[in-house]
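2 protein chains.
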Amino acid sequence: MTEENTEIKYTVHFVPDDVDIFVNPGDNLMEAAVAAGVHINASCGGAGVCGTCNVIIKRGQVESIRTDKISERDYKKGFRQACKSKVMSDLIVEIPATSKLEKAVLSREELLSSCTLASGWKFDPPVKKVYLKLTPPGMEDNTGDLSRLMKGLKQLSGFDKVSVDGDILYGLADILRKDDWNVTVTLLEDSDNSFKLINIEPGDTRAGNYALAFDIGTTAVRGQLLDLNRGRILAQGIDYNRQISYGEDVISRIAWAQKQDGTEKLQKAVVATINDMIKGLVKKANINISDITHFVFAANTVITHLLLGLNPKYLRLSPYVPTANYLPFIKAHRIGIELSDYVYLYSLPSVASYVGGDIVSGILGTGTYQKDKLTLYIDIGTNGEIVLGNKDWMVTAACSAGPTFEGGGIKHGMIATSGAIEGFDVDARTYEPLITTIDDAKPKGICGSGLINIAAKLFEKGVIDQNGKFNKGLLNRRIRESDNGFEYVLAYGTETQTYKDIVLTETDIANMIRSKAAMYAGYRTLLQSVDKKFINLEQVIIAGTFGNHINIENAITIGLLPDIPKNRFLFVGNGSLLGARLSAFSQDLLNDGRKIASMMTNLELSENSLFMDNYVAALFLPHTNGGEFPSVTAGGK
Amino acid sequence: MTEENTEIKYTVHFVPDDVDIFVNPGDNLMEAAVAAGVHINASCGGAGVCGTCNVIIKRGQVESIRTDKISERDYKKGFRQACKSKVMSDLIVEIPATSKLEKAVLSREELLSSCTLASGWKFDPPVKKVYLKLTPPGMEDNTGDLSRLMKGLKQLSGFDKVSVDGDILYGLADILRKDDWNVTVTLLEDSDNSFKLINIEPGDTRAGNYALAFDIGTTAVRGQLLDLNRGRILAQGIDYNRQISYGEDVISRIAWAQKQDGTEKLQKAVVATINDMIKGLVKKANINISDITHFVFAANTVITHLLLGLNPKYLRLSPYVPTANYLPFIKAHRIGIELSDYVYLYSLPSVASYVGGDIVSGILGTGTYQKDKLTLYIDIGTNGEIVLGNKDWMVTAACSAGPTFEGGGIKHGMIATSGAIEGFDVDARTYEPLITTIDDAKPKGICGSGLINIAAKLFEKGVIDQNGKFNKGLLNRRIRESDNGFEYVLAYGTETQTYKDIVLTETDIANMIRSKAAMYAGYRTLLQSVDKKFINLEQVIIAGTFGNHINIENAITIGLLPDIPKNRFLFVGNGSLLGARLSAFSQDLLNDGRKIASMMTNLELSENSLFMDNYVAALFLPHTNGGEFPSVTAGGK
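Chains L and W, in that order, give the protein sequences.
Letter by letter, the first sequence follows residues 1 to 637 of this note's numbering.
Letter by letter, the second sequence follows residues 1 to 637 of this note's numbering.
Warning: the hint list may mix true and false statements.
[To be verified] Computed cross-link-like contacts, DSSO-like style, restricted to lysine-lysine with a CA-CA straight-line distance of at most 30 Å:
| no. | chain 1 | residue 1 | chain 2 | residue 2 |
| --- | --- | --- | --- | --- |
| 1 | L | LYS151 | W | LYS196 |
| 2 | L | LYS178 | W | LYS313 |
| 3 | L | LYS161 | W | LYS391 |
| 4 | W | LYS161 | L | LYS122 |
| 5 | W | LYS371 | W | LYS9 |
| 6 | L | LYS122 | L | LYS154 |
| 7 | L | LYS128 | W | LYS196 |
| 8 | L | LYS161 | W | LYS595 |
| 9 | L | LYS128 | W | LYS161 |
| 10 | W | LYS133 | L | LYS595 |
| 11 | L | LYS161 | W | LYS161 |
| 12 | W | LYS265 | L | LYS178 |
| 13 | L | LYS313 | W | LYS154 |
| 14 | W | LYS151 | L | LYS313 |
[Unchecked claim] For each label pair, taking beta carbons as the anchor points, the in silico distance ranges come out as:
| no. | chain 1 | residue 1 | chain 2 | residue 2 | range |
| --- | --- | --- | --- | --- | --- |
| 15 | L | MET139 | W | VAL15 | 55 to 61 Å |
| 16 | L | GLN260 | W | ASP204 | 28 to 34 Å |
| 17 | W | LYS279 | L | ARG334 | 24 to 30 Å |
| 18 | W | LEU610 | L | GLY336 | 56 to 62 Å |
| 19 | L | ASN182 | W | GLY485 | 53 to 59 Å |
| 20 | W | HIS333 | L | GLN260 | 24 to 30 Å |
| 21 | L | ASP160 | W | LYS283 | 46 to 52 Å |
| 22 | W | ASP261 | L | GLY336 | 25 to 31 Å |
| 23 | L | HIS333 | W | GLY485 | 56 to 62 Å |
| 24 | W | LYS373 | L | MET139 | 28 to 34 Å |
| 25 | L | MET139 | W | LYS283 | 47 to 53 Å |
| 26 | L | ARG594 | W | LYS283 | 43 to 49 Å |
| 27 | W | GLY26 | L | ASP160 | 45 to 51 Å |
Source of the hints: derived by calculation from the structure; they are not laboratory data.
Beta carbons are placed, not taken as given, at the ideal position from N, Cα and C, and that holds for glycine.
Bound conformation, chain L alone (with noise of 0.2 Å):
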């Protein structure tokens, strides 16, 4: 965007952030505020229905589509809603302090994910809250009152069809008399337009409906209280999964299911991590637990199995069978998730053994199931997911990847949180490292872009070879041995968080180009399974929990990302929690997940020979085959 190559460019400067940014004319002002670095909150991500990203406009023109969530007074002072307004002029653009708020709570996904969303739906959240003021009883009318108050319901256009759940019985009678036959009742909808009864509290209650939104990774859990009134995330955090004991990745967790009581040691510890999340999350935002109302959550086929307390056995047997792909109905309390009993769970939908909920959850939450062009959908994790298709088709396959990119298997590795070594470079003559960690923080470890981000420097400036070993020639203070071999010194102890040396060793380049060998032996051969080359691709979307500062030209360095042009790609962030969030957000939407599940065909590689062979040919840097990587085996960058 900063190219001053076209034409016409229009300047955005955004106050109190005090930053210019050049745009084309009619481009999106919430585009230009991401892409400038600025952030501005937009929970429901760019659908213009949340109003939480309004502007000023204090100098210039923008062509703006009006809601009715900027009043006419503000209007007039030139409010403005960012995602549904065009550059037409150079412009001044004050971020008002509303519209900051929640930036502590924000991830640096959603900067990224806003604005390349599944489009053309409403907000119309599965989980409802209905005030109903129902007419008391008398001698005339002394039906009971569970009839009242279906006919109270009922008497509401939309609400046809409402199955009551049983345990709204107990305590109906006191609730219904408290504030005088004014009730709020929770309604959870099904794929079918009807309802379920699942809650009823007196008064209007309707202010305080919460729901979780959850992707549920086999190395990282990440949530989001979500306000159902006004699509907005509240807060979220992160942790690791608890199961991480239990095995790095999936294969390991299936195993150590068949041990006895294994599969209930795995669903406590998940379970546990999720409950320890959601205190934090209740904490964070200062609301009432009992006002959660609904749980969503995304994850892959095997980990959707621990949480629920399903045994994995028969998904890593061939044919390699889920229980269910579409989950009924279950509470969440049944699994031991502490909200209240009549809270259920809501599961995006898995396709296979291997392609679960959390692939289907980020093709919604993209909206690439809606476009016309050919797709590749990366989801890099530990479990590494890919799709290939459009609005069409779509063709998927999982290729384990291991725990690399999200601090797995690497001595100093870690998730993308606070003090994670980010950006890096080396200085060709001394071979110091120039560093960036998250927060600006002290330097802790490394998460998954900085280990792209090292090893690409590293290799770029000779220090490691295309085997990934280090050049044994260039020892200095920075590249040593170690009684396990040889290692690149990042961060001194003296510089640290830990104390200690962070250091990225020879092991850990070996385990990362395994890893990253898998996730491109899976894109070729599934592009192989559809005559389809690289070249073909008109987008490539990046999600993962790896961290989002991921440089392109990086990945590609070292074989992880097909060598082709660099804007075909998109990153989303966490492409899962997009999905559930907006699962959790539009009925629609959460329909479109079942739709996507039921259209993908599953490539199983773990039996294909044609993505062995391509294994084995990645294990290099950037890849055996120069002519796969003509920008880097030319060092033309």
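Dock chain W against chain L, hints included.
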């Protein structure tokens, strides 16, 4: 049936019972057997579906509808279904042993009720077992287990709308594989023709599909174990409702429920009663308790609340509102009933606080709602409930009669089980009694029907007067004065099971008079509310758990039943249990139960001054107004 004053009568001789009966041409053979006191199994109640009432026509002609319950070969041998046969000549009919087998477990109600049923329904239990031979998965078809199961089910007709109980997931994978993808699923039908998949078992388990039908009374609980494959009763039992310790009538139970943990204690008491009865039924029938797939019950509204653990307090506060007349799906184990976790409860719907599912059940079972005749349906019990109407309209009321007709509030009262004194007469000169007992066992106490017979005869013979007081001039060894007033000795301790004298006291008679007055005032007020008189009644159906050898004349003598022609009375025994059983046998009838509840108009007697006047006027034997009981006061008996 034994009068000789019509033109043609046929004689039906039953063997091996060696009993004759005269019937009209075209009379139903089953009804003839019932009238003759000959037992033939008819667990479906004459619907022709159970095939248990087979008899052999040894001589003579019947006009018979042949069903698939009789083979070609047996038909030629003279086998016919008694319930489907009309008497067309003098007959000799043999009851084969197979049609007698269940005698031990069939109560006398069954005999009586089998000819007085709802008609036009098909045998189609709401809980079905369906056997599926699924296609095993392969690499080309490795969809999830649950999807495979649902696909297999939907290939059968009639299962388009099936929802899945989330608990199904647990164990699903192993169950499917245990017998090579051959499984039996259990489906629970809902009122809208949709189904809920509630259980899955490996292999073909269709042979074991049993239901429980319970009538849960204030005083007595009756239960039947039903075979859902053959429409048969396998076992039945009766016991006291253990809630009796917390009060004899529903009003005192409601009061008790307001104490600390009161509702919970009352719930536990009745659930314990039910659990013990279930154990007994299962043992008697020698089946696996895990093959019980359904639990249907009928109870009055207060007992229904207490069984579910719902505080009944609003039932006795104006405007007398139940928590729910129509229950949503609730699992049996949710309330402590010890059946498989997947078993759901079905409750016959109630109408109002004091007009419960038991009365709806009786109207259902007797087909009163299908007929043109103006019918008075009376359930003589602790919570005396009455219905007046026909297929077009129904009004209903409850008149708290107290427990006397179920043996409560009577010094030596008991429920109608073995040893209860039921038949009674008294020698006009010596005042010595003539008693008969249930099962001809040694006397143990007095059941409700016995109480009526005893009081009527004592009144007729002048032992007690219009006020129910003993004639003090008659003192002899049978009529004596005790510490608590006068009493009549029915049996001396030397003759009884209890080794104590069994007596009827003046207090007993006073309680009985209050009970019968409440019932009578109830009918009268209900008739007055729709401008009808007793003489307009075309049929009076009498139900209740008070015993069945009730003598109509005796009941009229004491003023319990109105003084109208005897042939308009019909006894159906436990109508509530009958309706519960039929609701387990037929989804159509189950749905009819909901219609019945919705068409009933409830008249609250507790705030009705006319009822009070009628009650006070009825506190005599038979009534203060002799004109109400011409056949009694004329002494014309």
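Inset, instruction - Confirm or reject the claim that ASP160 (chain L) and LYS283 (chain W) have a C-beta distance inside 46 to 52 Å. - result: holds (47 Å)
Inset, instruction - Below or equal to 30 Å on CA atoms is what counts here, so check LYS128 (chain L) against LYS161 (chain W). - result: Cα-Cα ~24 Å, so holds.
Legend entry - Restraint check for LYS161 (chain L) with LYS161 (chain W), where alpha carbons must lie at most 30 Å apart: holds (14 Å)
Inset, instruction - Sort out whether LYS178 (chain L) lies within 30 Å of LYS265 (chain W), counting only the CA atoms. - result: holds (25 Å)
Legend entry - VAL15 (chain W) and MET139 (chain L) - C-beta distance against the hinted 55 to 61 Å: With a Cβ separation near 60 Å, MET139 (chain L) and VAL15 (chain W) satisfy 55 to 61 Å, so the hint holds.
Inset, instruction - Return holds or violated for the Cβ distance of HIS333 (chain L) and GLY485 (chain W) against the range 56 to 62 Å. - result: holds (60 Å)
Inset, instruction - Would you mind confirming whether the straight-line C-alpha gap from LYS313 (chain L) to LYS154 (chain W) stays at or under 30 Å? - result: holds (27 Å)
Legend entry - Restraint check for LYS371 (chain W) with LYS9 (chain W), where alpha carbons must lie at most 30 Å apart: OK: LYS371 (chain W) and LYS9 (chain W) at ~28 Å, within 30 Å.
Legend entry - Distance restraint hint 25 to 31 Å, applied to the beta-carbon atoms of ASP261 (chain W) and GLY336 (chain L): holds (28 Å)
Inset, instruction - Would you mind confirming whether the straight-line C-alpha gap from LYS151 (chain L) to LYS196 (chain W) stays at or under 30 Å? - result: With a Cα-Cα distance of about 24 Å, the restraint between LYS151 (chain L) and LYS196 (chain W) holds, given a limit of 30 Å.
Inset, instruction - Could you see if the CB distance from MET139 (chain L) to LYS283 (chain W) stays within 47 to 53 Å? - result: For MET139 (chain L) and LYS283 (chain W) the Cβ distance comes to about 48 Å; the hint holds.
Legend entry - Verdict for HIS333 (chain W), GLN260 (chain L) (Cβ pair) under range 24 to 30 Å: Hint holds: Cβ distance 27 Å, inside 24 to 30 Å.
Checked against the numbered hints given earlier, the structure satisfies every one of them.
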